[in-house]
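Asks: Heads up: the protein sequence lines correspond to chains A and B, in order.
Just so it is clear: in the first sequence, position 26 is 26 by our numbering, and no numbers are missing.
Just so it is clear: in the second sequence, position 135 is 135 by our numbering, and no numbers are missing.
Because the hints were derived from the structure by calculation, they are not lab data.
All C-beta atoms, glycine included, are put in the ideal place defined by N, C-alpha and C.
Treat the hints with care, since some could be wrong.
A short list of chain A residues far from chain B (calculated; beta carbon distances all over 12 Å) [said to hold, decoys possible]:
no.: 1; residue: Met58
no.: 2; residue: Gln62
no.: 3; residue: Glu68
no.: 4; residue: Phe75
no.: 5; residue: Ala203
Restricting the straight-line Cα-Cα distance to at most 30 Å, the calculated cross-link-like pairs of lysine-lysine (DSSO-like) are [claimed, not checked]:
no.: 6; chain 1: A; residue 1: Lys131; chain 2: B; residue 2: Lys35
no.: 7; chain 1: B; residue 1: Lys275; chain 2: B; residue 2: Lys305
no.: 8; chain 1: B; residue 1: Lys305; chain 2: A; residue 2: Lys131
no.: 9; chain 1: B; residue 1: Lys347; chain 2: A; residue 2: Lys20
no.: 10; chain 1: B; residue 1: Lys4; chain 2: B; residue 2: Lys421
no.: 11; chain 1: B; residue 1: Lys278; chain 2: A; residue 2: Lys89
no.: 12; chain 1: B; residue 1: Lys76; chain 2: A; residue 2: Lys131
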Amino acid sequence: MSDKAMSARDVILGRLRAVKSKSPAEEAYPLPPIVMLGDQDASPERFESNLALMGGQMIHRQDGETVEAAIARAFPKRRNLCTAVPEVKGTLRIEDLTTHQEADTVDVMVVRAAFGVAEMGGIFLSEVELKDHLADVHLAQHLVVLLAKDELVGNMHNAYRERSEFRTAGYGVLMSGPSATADIEGVLIRGAQGVRSLSVVWA
Amino acid sequence: MREKPVPHASLAAEFLRDDLHRIFHDERLWGMRQKRDEQMHELPEWQELRQQASRLKEHTLAHLPHYLEQFEQNAKKNGIHVHWARDGAEHNRIVEGILKAHGHSSIIKSKSMITDECEMREYLEPKGITVTETDLGERIQQLDNQLPSHVVVPAVQKLTKDVAKVFAKHYHTDPAIDDPHALAEAQRNAARPVLLSGDTGMTGGNFLVAETGSFVVCTNEGNADLSANLPNLHIATLGIERLVPRMEDLGVFIRLLSRSALGSPITQYTTHFRKPKKGGEMHVILVDNGRSERLGMEDFWSSLKCIRCGACMNTCPVYRRSGGQSYGAVYSGPIGAIIDPTFNAKKFSTLPFASTMNGSCTNVCPVKIDIHDQLYKWRRILAERHEIPFVKKEIMKMAGRLLSQPKLYRLSISGTEVALKTMPRFVLYNYLNPWGKHRELPHPVKETFHSWYKKNRLKKETTAQEGTSS
């Protein structure tokens, strides 16, 4: 099969080089410089309002309340709580999940995001934060994300320029709110096939 | 076998027969267009973003072999297997080969237009490989045995009751369900066990990044991240035109994509894959399937800039009022009408005529493809290649002759006025006049502009001139 794949490769690259005479000329289309456009405000307020727009929510800590207590207050009916962070004890740790079937029973999953993007209310997770449990985070019913205010970037230009994770992570997902669909009659449904809700705690 | 052109007009007429579908479809897509406009107005830099996106794509396409090699080199360095497919058939054989090598027989798949373009399900299923679409809209279309109606919302032509019927048949839910929430929940419940037991995951992809060897998948439902990460085998299929040179270039495209598509600032999930997960295996298949040929077409190569947002479909009055199914193609709407003929000029010869030439598609395109100009150019080529029907051709010829000769034109206009007034309906409204099918011909005017001008202005001007000269 590899011989065949090799030849397909050469055929395609050959075809592309052969159409050169008629196709866009290289020198007519130089590489444009990188742009940084638009609002680059990286404030927590901007993040919060865009998170709400994308269907996510904030869990605000009351005076002196621990992260753990705030999450417990937000999910009083939780059946279990799986955690990937030292701040929260929970009922089980993400490292202890041995099968996806087990992860499928997780009610609330708590993780820490590497950073957030104010423009999109988005949070970034990679195999580092997820302890290599890439699918398990998406199998949980609800996701709670710990995020530090000083790990915010303004917009997507800032994100790709300033965050090294895009070049180091094997898997990096920027989640803006919970899973959603509008595939049936355009009715927006929050909680499609991934997490049903996404909450952020400043921590 | 001579392939017949897709009868777009008659298929559209069929779709329009039901008022509920007709009105919903038109309003839903226009609603997406309006939400796109709201997002655009929030960003003062919108036109700069479009300009940059267009330039980046043009540059990449002009240097495509270079960036493809760079991508391949970096992806391989990260442990990704890179395959090349000249056409859909080769792509499908590659997928089959990967599954066979692992002894796998089922694929859990997130939405991708290109696997539909390759007709992958049609190839794999008779070979005993189950392909389960996990995106809600794509799954509805798969169960109903239809092509996607739209590149972003595949089942947009269906109403809740239609989906309830499809799900009742396949998921054994209540056919009377009238609530999209309940139906979405039924999909979640049906998909979960399939996702958990799938042995191969497949995704498409929106962008390839040459400099890092990564690819990016933009989705909303969470099914793509589950499909890619649950099994230990992930295959991603992307067209060779999907490249961007640098990681930073993604900023421009991610900011434009979902705003143009759904009018939301970003998709819920923007997922970057750079290497296989721990203990996993990752394959990327780069598909040509006519793209290299299109790159050599002077008038049409820029259609390869497309990022599949569907904005041109949402704004198109013809698409909104004819439905995606009437295009008989994987890609419908204005973008479909300019790329489908590159796959099959005869079969899709009717599609470039599914436009009023209003240019709105071009105006909303985030990467500035001159869609309506290309529609016009396709019409010319198809006419030259005799791919347009006799009646349309003859009428165009007559119109051409008429419009190029003022005297003949004027004579025929006064004739038309008499005809509109005196001819019986069956002479005016018949198969030679498809325009009159759903419309009334204009009321005959009492006087043409030309005769009015001659009577009034011309006389006065002549008198005035005479006055000054005397």
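Asks: A separate judgement is required for each hint: does it hold in the structure or not?
Replies: How the hints compare with the structure:
1. Met58: Holds, since 17 Å exceeds 12 Å.
2. Gln62: holds (29 Å)
3. Glu68: holds (26 Å)
4. Phe75: holds (19 Å)
5. Ala203: It holds; Ala203 of chain A is separated from chain B by about 23 Å at its closest Cβ, greater than 12 Å.
6. A:Lys131 x B:Lys35: Outside the cut-off at roughly 38 Å; violated.
7. B:Lys275 x B:Lys305: holds (26 Å)
8. B:Lys305 x A:Lys131: violated (37 Å)
9. B:Lys347 x A:Lys20: holds (28 Å)
10. B:Lys4 x B:Lys421: This hinted pair is violated, its Cα atoms lying about 38 Å apart.
11. B:Lys278 x A:Lys89: holds (26 Å)
12. B:Lys76 x A:Lys131: holds (24 Å)
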